[in-house]
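Chemist: Sequence:
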Amino acid sequence: MKFGYYPYYKELPNEIVFFQTLRQSIETTIDSDLLSVYPNLSGNTVRKLKLLLHAIGGNVPYSPNYTDLKKMIDVKDDRTLKEYLTMLENAGLIRLLMRDELSLKNMDKADKIYLENTNLMCLNRPDIGNLRETFFVNQLENVGEIYFSKSGDFRVGEFVFEIGGAKKSFNQIKDDKNSFVASDNLEIGFGSKIPLWLFGLMY
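Letter 117 of the sequence shown, counting from 1, is numbered 931 in this note's numbering, and no numbers are missing.
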């Protein structure tokens, strides 16, 4: 989970250089790549995007408090904040998780915000539980739409998933018919318990 998402890792001598390069890539993405898509971005907006990403990155998975975020980056309305979040998602830096398929990302508030992949998380000192969730979201996003679940962690179609370690129980999702536990540190699955690493084969 620490390396591997960005192919240039193989070309670099060690992890220190890798994370330095990753930080530079993030800067380039916001400073240059976003400008090619949003040519009217001002320097002040770029600065606020970096502040927003920093605020999210230190607290992922982030259950957004829009009032606090607006104060932090000095924007006045929800619409502008949602636009900034959408820009960061389009840049491949974050993932906005909505409650259901009727929610529109440009209109409704996200229920949770994740960094786009676990390599980005490892720029800080991530909690193992948050790493697991980020890995799951990243691997499943290319298969189908993922939504925040009231009972488990995620819903994909008709299926509910709870993410955890090898001893994770079904207590939280026992009332959901099509529910599964995706367990880290589990080599072979059984029943409705699936090894988390298997989802890496779906990318």
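Source of the hints: derived by calculation from the structure; they are not laboratory data.
Backbone N, C-alpha and C define an ideal beta-carbon position, used for all residues, glycine too.
Mixed in with the good hints, there may be bad ones.
Per label pair, the in silico range of CB-to-CB distance [what the hints assert, rightly or not]:
1. G1003 to S839: 32 to 42 Å
2. N956 to S839: 28 to 38 Å
3. N956 to G1003: 32 to 42 Å
4. D845 to K981: 26 to 36 Å
5. K964 to D892: 16 to 26 Å
Chemist: Does the Cβ distance between K964 and D892 fall inside 16 to 26 Å?
Modeler: 23 Å, holds
Chemist: Do the Cβ positions of D845 and K981 conform to the proposed distance bound of 26 to 36 Å?
Modeler: Violated, at about 44 Å.
Chemist: The hint says 32 to 42 Å between N956 and G1003; measuring C-beta to C-beta, is that right?
Modeler: Violated, since N956 and G1003 (Cβ atoms, about 21 Å apart) do not stay within the stated range.
Chemist: Is 32 to 42 Å right for how far apart the beta carbons of G1003 and S839 are?
Modeler: Holds - the Cβ-Cβ distance for G1003 and S839, about 35 Å, lies within 32 to 42 Å.
Chemist: Check the following: the C-beta atoms of N956 and S839 are separated by a distance inside 28 to 38 Å.
Modeler: Because 21 Å falls outside the window, the suggested range is violated.
The structure is inconsistent with the numbered hints 2, 3, 4, although it conforms to all the rest.
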